[in-house]
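A.B. asks: These are the residues of each chain, in order.
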Amino acid sequence: MKILAWARRGVQLLVVAGLCVLPWLNAAELRQISGSFFALDFFGIPFADPVGAAQVAATGFLPGERLLAGALISLALALVLGRVFCSWICPYGFFSELAHWARGRQGGAHVKECRAFAGKALLLGAGLAAALVAGFPAMGIVSLPGELSLLPMLVWQGGDFWLLLGAVTVPLAALILELAVGKRLWCRFVCPQSVLLGAAAQCLPAKVPGLCIGWQAANCTCKGKAPCQQACSLELNPRRKGGPDRRDCTNCGDCVNTCASYGKALEWRGMGYRVRRD
Amino acid sequence: MSLFVPPLRPPGAVDEEIFLRKCVRCGKCVTACPHESIELAGGLGRSRRTPQVRPRRKPCYLCMKCPPVCPTGALDTGVKEITRAGMGQAYILKDRCHNYKTGTMCMTCYDRCPLRGTAVVLSGGLVPAMTTACVGCGICDYVCPVQAVEIVPASSRFVPPMAAPTEKAPGGKS
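Line by line, the protein sequences are chains X and L.
Numbering follows the numbering used here, in which position 150 of the first sequence is assigned residue number 150; successive positions increment by one, without gaps.
Numbering follows the numbering used here, in which position 52 of the second sequence is assigned residue number 52; successive positions increment by one, without gaps.
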């Protein structure tokens with residue numbers, strides 16, 4: 001399964017590199033992929049940030065057809081594949097993982113996943129209320145995948161120092177904080193995109209095929225601090241009936257790779273049988 | 001230009017208030033523009049990262065490639081004709097324009113207007129004058145050698161104090 005880990009890193013790098021050259025490719029009439037992570041056209045298929053569409057709805061308007069279709073497609077992908085956007089595509093997720101790897105995990109009080117998600121959901125609600133009051137999608141500045149994907153466009157248009165500084169301030173501040181603390185704070189406690197994607201991932205009914213990580217208690221040989229839990233950059237506990245919660249897990253596969261060296265109790269589950277947590 | 005005048009939007013933009021609510025700042029119109037006329041705005045307010053045209057940097061050449069790519073409806077995808085671009089209105093400033101100020105005959109704005117004869121006409125057969133058919137692309141502003149043209153976005157009612165009178169469009173548009 002190591003190959004999957006390498007493939008994921010490859011895709012992450014490809015996405016970051018692709019975003020960096022996208023405006024120049026578009027200018028050269030190569031428009032098969034265009035836009036940003038707020039709204040993207042990928043070979044004719046629309047993808048969109050569901051938070052963006054939700055904000056437009058919050059301001060009192062029905063989102064445009066392609067924006068709505070793009071948001072629904074993104075949510076449908078999360079429903080079937082889980083939050084793979086976070087672990088395979090999101091540029092901030094990539095840099096956050098890099099910072100986490102560079103710093104190494106730091107100790108400290110563990111926050112329950114349900115509380116972290118509730119906090120994020122509350123922030124999202126506050127952001128939607130802000131969009132309603134302010135009359136514009138005010139959460140753009142904290143929508144880091146979209147914000148980072150606009151950065152090359154700002155460079156391409158010849159943006160001045162202040163414009164570029166305004167674009168990198170929030171992601172850079174978040175990364176510096178994560179480097180200092182040694183935890184992936186933004187993805188766990190703030191990211192508004194992860195709330196909607198996580199909620200969609202959790203909506204998958206039991207016994208309906210969908211990508212997830214399963215745990216077989218009988219094969220688990222580890223005692224005490226589990227290596228799989230140590231491997232998870234989001235500090236989730238994969239050792240539960242049904243595996244890590246689809247709402248919080250980004251399906252990065254780090255726990256599965258680690259477990260492969262032990263009892264192989266963690267495994268990918270997709271189209272076949274899947275155990276749901278009670 | 002007054003600080004309170006909103007930015008000039010790309011062709012096909014809906015009413016400014018609705019535009020600000022509908023646009024998700026995705027930048028698709030920016031990269032769709034072959035002339036690099038559209039840019040994302042800076043700042044921290046409601047206009048942050050919204051697309052705008054600054055005619056003195058680069059005007060809109062009315063290729064109409066941006067409205068169809070807008071996924072949000074902030075740009076009306078049905079707008080295809082340049083006469084419906086509806087970006088704004090150009091005004092000739094009498095205190096700067098050669099024709100008004102010194103009597104020197106300068107036809108630069110008239111010659112370069114994509115809607116020549118409709119949006120800009122020769123008043124009295126001699127002096128360029130803007131009409132109500134102007135869509136505010138800003139080419140006249142860009143080419144004017146003395147910056148005697150000002151583009152006011154469609155969402156603004158601002159009229160420059162020294163603006164020459166806007167004439168009725170030939171053919172009846174009022």
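Just so you know, the hints here were simulated from the structure itself, not pulled from any lab data.
Heads up, some of the hints might be wrong.
[To be verified] Here are some, though not all, of the chain L residues that point toward chain X, as calculated from beta-carbon distances under 7 Å:
#1 21
#2 24
#3 31
#4 35
#5 39
#6 65
#7 68
#8 157
#9 158
#10 159
#11 161
#12 162
[To be verified] Computed cross-link-like contacts, EDC-like style, restricted to lysine to aspartate or glutamate with a CA-CA straight-line distance of at most 20 Å:
#13 207/X to 235/X
#14 264/X to 254/X
#15 225/X to 113/X
#16 94/L to 81/L
#17 58/L to 245/X
#18 80/L to 65/X
#19 112/X to 235/X
#20 65/L to 41/X
#21 94/L to 167/L
#22 65/L to 235/X
#23 264/X to 245/X
#24 80/L to 111/L
#25 65/L to 245/X
#26 65/L to 111/L
#27 225/X to 235/X
Ideal placement from N, C-alpha and C gives every residue a C-beta, glycine not left out.
A.B. asks: Please go over all the hints and tell whether each is borne out by the structure.
C.D. replies: Results of checking the hints against the structure:
1. 21: With a closest approach of 4 Å, the residue 21/L hint holds.
2. 24: holds, 4 Å
3. 31: holds, 4 Å
4. 35: violated, 10 Å
5. 39: holds, 5 Å
6. 65: violated, 10 Å
7. 68: violated, 10 Å
8. 157: Violated: closest Cβ of chain X sits about 20 Å from residue 157/L, beyond 7 Å.
9. 158: With a minimum Cβ separation of about 21 Å from chain X (threshold 7 Å), the hint on residue 158/L is violated.
10. 159: For residue 159/L, the interface hint is violated, since the closest Cβ of chain X sits about 26 Å away, which is over 7 Å.
11. 161: violated, 30 Å
12. 162: violated, 30 Å
13. 207/X to 235/X: Cα-Cα ~27 Å, so violated.
14. 264/X to 254/X: Holds, at roughly 13 Å.
15. 225/X to 113/X: Roughly 18 Å separates the two Cα atoms, so the pair holds.
16. 94/L to 81/L: Violated, at about 31 Å.
17. 58/L to 245/X: This hinted pair is violated, its Cα atoms lying about 51 Å apart.
18. 80/L to 65/X: At roughly 18 Å apart (the allowed maximum being 20 Å), residue 65/X and residue 80/L satisfy the hint.
19. 112/X to 235/X: holds, 10 Å
20. 65/L to 41/X: holds, 15 Å
21. 94/L to 167/L: Holds, at about 15 Å.
22. 65/L to 235/X: violated, 47 Å
23. 264/X to 245/X: holds, 19 Å
24. 80/L to 111/L: Given pair residue 80/L, residue 111/L is violated - Cα atoms ~23 Å apart, limit 20 Å.
25. 65/L to 245/X: Status violated; Cα separation ~45 Å.
26. 65/L to 111/L: violated, 24 Å
27. 225/X to 235/X: With a Cα-Cα distance of about 12 Å, the restraint between residue 225/X and residue 235/X holds, given a limit of 20 Å.
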